[in-house]
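**Q** Each chain is listed here by its residues.
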Amino acid sequence: MSMFECFDPRQGKVLRLLDETGRLHAPPHGFSLLSDEQALTSYRAMILARAADEWALSLNRQGRMPTYALNEGQEANSVGALMALRPDDWFVPAFRELGGMLMRGLTLEQYYLYWHGNEEGSRLAPETFHMMPVAIPVGSQMVHAVGIAWAERYKGNERVVTTFMGEGATSEGDFHEACNLAGVWKAAVVFYVQNNHWAISLPWEKQSASPTAAEKAFAYGFEGVRIDGNDIFAVYAAVKAAAERARRGEGPTLIEGLTYRLGAHTTSDDPTRYRSEEDVKRWRLRDPVTRLERFLLAREILTSEDMRAIREESVTWARKSFEAAEHTPDPTLEDTFRYLYHEMPPILQEQMARRKG
Amino acid sequence: MRVLTLLEAVTDGLRAEMMADTSVVVFGQDVGVEGGVFRATAGLQKEFGESRCFDTPLVESGIVGAAIGMAVAGLRPVVEIQFSGFVLSAFNQIVNHAARIRNRTRGSLSAPMVIRTPYGGGIRAPEHHSESMEALFGHTPGLKVVVPSTPHDAKGLLISAIRDPDPVIFLEPARAYRAVRQQVSEASYAIPIGKAKIEEPGTDLTLVSYGAQMMEARQARAALAAEGHSAELIDLRTIYPFDAKTVVESVRKTGRLLVVHEGPQSFGVASELIATVLDKAFDALEAPPSRLTGPDVIVPLPRGEKHYLISAQQVVAEARKVLSYEP
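Chains as they are written, first to last, in this note's numbering: chain A, 1 to 357; chain B, 1 to 327.
Do not rely on the hints blindly, as some may be mistaken.
Straight-line alpha carbon distances no greater than 30 Å define the calculated DSSO-like cross-link-like pairs of lysine-lysine that follow [claimed, not checked]: (1) B:306 with A:356; (2) B:46 with B:195; (3) A:320 with B:306; (4) A:281 with B:321; (5) B:195 with B:245; (6) A:356 with B:321; (7) B:46 with A:206.
In case anyone wonders, no lab produced these hints; they're calculated from the structure.
Working from the sequences, and respecting the hints, build out all of it.
**A** Written out as structure tokens, the structure is:
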């Protein structure tokens, strides 16, 4: 019997632990709760991600930041998931998981460097990060997660792989192939779908005729569950349960986190063309940060002053990080050529010499 | 006549053919309600309805595959792939089916369709948004590959592409979308595929380019003229089947050839043109033909793009070398 059984998405069930007033409900049997300390760590990561986004958006409007993908409103998803993973479990992101990437040890400076247009931002040491870089082609990263899981099992490791995607990615052929492979191989993968309701201008109703993304899992022979993705406790509980199942060799799980992209798709997008302000307002009331703040206040883990201080620290850190990224030297001509191959072939050496003039 | 950007001219061409032919349907990601991320299909859904211009889920392979089915069944689909790099998710359908259905069925079925996609660098975009993949498509038997560089040509070539009986990859230079403006006729007109355009006649050097790179080629031609060199500037316009005749005749006149393009060098368009000139006009050459292209590297992110893109100064410098060559 699986823990997810009482949350069958086909029966309209959604796992939610922390309600919009900040009240925490007792978890169903077998699900874990974030400790106060973990809740605080999560809060800090979410606030930093939000401050980073706000600063990036403002820099973009000043012409100092190229196209940037915004995370606002979705922070609880990747932060909660990373909270639930062991340090050597793998994280395979898409491109809207800033909080999770920060928790994995990526610096904000590096993240900014990437979006600022410098490949150095994706320099990742696999042995320290256990993380793949940002994947832009929608859905293409999911199959990598299955391969990583296979390799870790082959090496005798009990590592779990959590991969993130948007709900739009579940339409891509790669989603089908990844889920199918993971099901057949009983791969230790957690597929986390951030259903933020909009794939640029396309709403879920036009993305899929399936009522939920979660129920697609059943056709591949594993379970899918819907959770409130703006509830950090639900995210943590679901990913933890799915990861532990995977670790026990019981195969993959698909988690659909219901969330909302409060901002634009990227800084190049204008969402007023395709969605209503009322829709956005409704979701603002379910903001994952506000909800967690209510909880932290009620529990007396933080005071309002503490929160203000954390926000200010985060804003300062975002500004410092961006400044450092902006002042990092541009890639050199050699950098453009040197990473194509382990050893640079003569033809590339020749082309590089010609470019040098 | 009114002044349009290259982007607006694309929309104008789509509208003209949608008005002229009810079998023309336009679809892809965000092309309907939003009117495309670059706004190339702006207003078309409103004007022609949701059955003529519509959004699809995130399914690049599905978009191209469905277009093949529609084309086989008698429609004229024009699909948009949002950015060049995402074309690769549909590569299987393009290469294995769109390009082959006519040959496979000995001409009994065909796939008259257009795949539009913005391409090329210089727009400070994230990864997979800046590639130049014309050579990949040019290397695929069964496809036609078209690249406009001006608003007038964008409209006329797009209309030809839609009317063409075979699949056409229509590569739109993203960097030129809003940078190039020109008077464009309100009337519908077709510019033939497979014909290059001598944009400026000249006597000393044949300078060939296409797409966004034409912007630097034009500047370079002007700079060379100021130095007293007369370069004949040719906009190739069609990558496949390319207009060998115009290029060869020009080289017969000038004796010198420089081909400039943004895409990588190896197995690229410049290499093909030069090989053709060596075949057909070897005796007329007064200097080794030269190619100035992107290097064989991944297009860098914005802060490294300067190491990749070709400036007008670089074109001038290379042209001087070709012009001053003496055996």
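**Q** Find the hints from earlier in the document that the structure breaks and name them by number, from lowest to highest.
**A** Structure breaks hints 2 and 4.
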